[in-house]
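Let's have the full structure, built from the sequences with the hints guiding it.
For the sequence shown, counting from 1, position 51 maps to 51 in my numbering; every step adds exactly one.
Check each hint, because a few of them may be wrong.
Stated by the list, open to error - Just the calculated beta-carbon pair ranges, DEER-fashion:
1. 46 to 183: 31 to 41 Å
2. 65 to 133: 18 to 28 Å
3. 48 to 183: 19 to 29 Å
4. 156 to 67: 11 to 21 Å
5. 160 to 9: 16 to 26 Å
6. 136 to 68: 13 to 23 Å
7. 223 to 7: 38 to 48 Å
8. 187 to 10: 32 to 42 Å
9. 188 to 160: 20 to 30 Å
10. 67 to 175: 13 to 23 Å
11. 10 to 230: 10 to 20 Å
12. 5 to 168: 17 to 27 Å
13. 180 to 5: 13 to 23 Å
Honestly, the hints are just simulated from the structure, not real lab data. A virtual CB, placed ideally from N, CA and C, is assigned to each residue, including glycine.
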Amino acid sequence: MTTSQVRRNGGHIAYEVHGEGRLVVLSHGMGENRASYRHLVPLLVAAGHRVASVDVRGHGESSVGWPTYAPAEVGADLLAVVRDLDGGPAVLVGSSSSAAAVVFAATDAPELVAGIVQIGAFVGAAKLNPLMRMALAAVLRSPRLFGMFHKTLFPVHRPADDAAYRRSMVAKLREPGRMAALRGVQVPVEPHWTARAPQVRQPVLVLMGAKDPDFPDPGAEARAARRLFRTAEARMIEESGHYPHADRPRRTADELLGFLAVCTGA
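The following block contains the structure:
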């Protein structure tokens with residue numbers, strides 16, 4: 001493993017690299033960090049892939065204080081990592097909020113992107129009642145409350161090391177500027193990724209936990225995402241919540257490896 005940084009517009013993006021082979025870049029969701037993929041990375045490496053796990057801007061070991069946390073900029077950060085590793089064309093995997101970023105990356109620099117994977121993508125804005133809006137506002141200002149919320153996203157199964165990971169995640173969120181980054185991720189921006197999706201020419205895989213509590217109907221959300229692309233498949237991960245790469249890593253790896261074979265022509 002090597003840990004590196006790439007400079008971007010006065011800040012830096014941290015990432016770590018494991019393995020050798022065709023490049024796969026992993027990007028986590030709001031509030032998390034690159035350790036979100038700790039159970040998936042060894043499976044991809046064992047299958048012969050070079051895997052870069054990225055700390056999204058404002059998260060993990062990446063710097064804070066960015067003027068925007070828009071998905072288009074996060075996508076540009078992922079492309080900067082691909083260039084830094086001279087690893088294109090790479091397959092980009094985005095979880096939750098980062099699922100939007102990989103769409104922008106694929107359309108902004110198609111020569112660097114062989115395919116994209118969306119895990120738990122949000123097609124439309126959540127419809128929240130006033131009480132839920134107040135609760136969300138509180139969660140986005142408190143590392144402790146965010147940690148409690150994060151736990152609810154594993155409704156069926158949690159990894160054995162989940163408690164330790166969450167403690168580390170919450171400790172990182174207590175650093176200055178980290179919660180502001182969470183709120184920045186939530187700021188609505190245009191264009192929405194769904195407007196860019198029809199422009200994607202690379203293969204697309206949509207993965208969704210069948211028990212993902214972020215959606216009233218996870219299957220319907222996955223199908224809605226799939227329909228936006230020219231060429232896409234949607235797969236459900238049974239008995240999984242919002243982070244299938246964490247709670248069902250083997251099943252997630254199986255789906256990814258099949259897709260990676262298509263993207264790389266293996």
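Results for each hint:
1. 46 to 183: 31 to 41 Å: holds (38 Å)
2. 65 to 133: 18 to 28 Å: Since residue 65 and residue 133 have Cβ atoms about 26 Å apart, the given range 18 to 28 Å holds.
3. 48 to 183: 19 to 29 Å: violated (39 Å)
4. 156 to 67: 11 to 21 Å: violated (39 Å)
5. 160 to 9: 16 to 26 Å: The hint (16 to 26 Å, Cβ to Cβ) is violated, given that residue 160 and residue 9 are roughly 39 Å apart.
6. 136 to 68: 13 to 23 Å: For residue 136 and residue 68 the Cβ distance comes to about 20 Å; the hint holds.
7. 223 to 7: 38 to 48 Å: holds (40 Å)
8. 187 to 10: 32 to 42 Å: violated (19 Å)
9. 188 to 160: 20 to 30 Å: At roughly 37 Å between Cβ atoms, residue 160 and residue 188 fall outside 20 to 30 Å, so the hint is violated.
10. 67 to 175: 13 to 23 Å: The hint (13 to 23 Å, Cβ to Cβ) holds, given that residue 67 and residue 175 are roughly 19 Å apart.
11. 10 to 230: 10 to 20 Å: violated (36 Å)
12. 5 to 168: 17 to 27 Å: holds (20 Å)
13. 180 to 5: 13 to 23 Å: With Cβ atoms ~20 Å apart, the hint holds.
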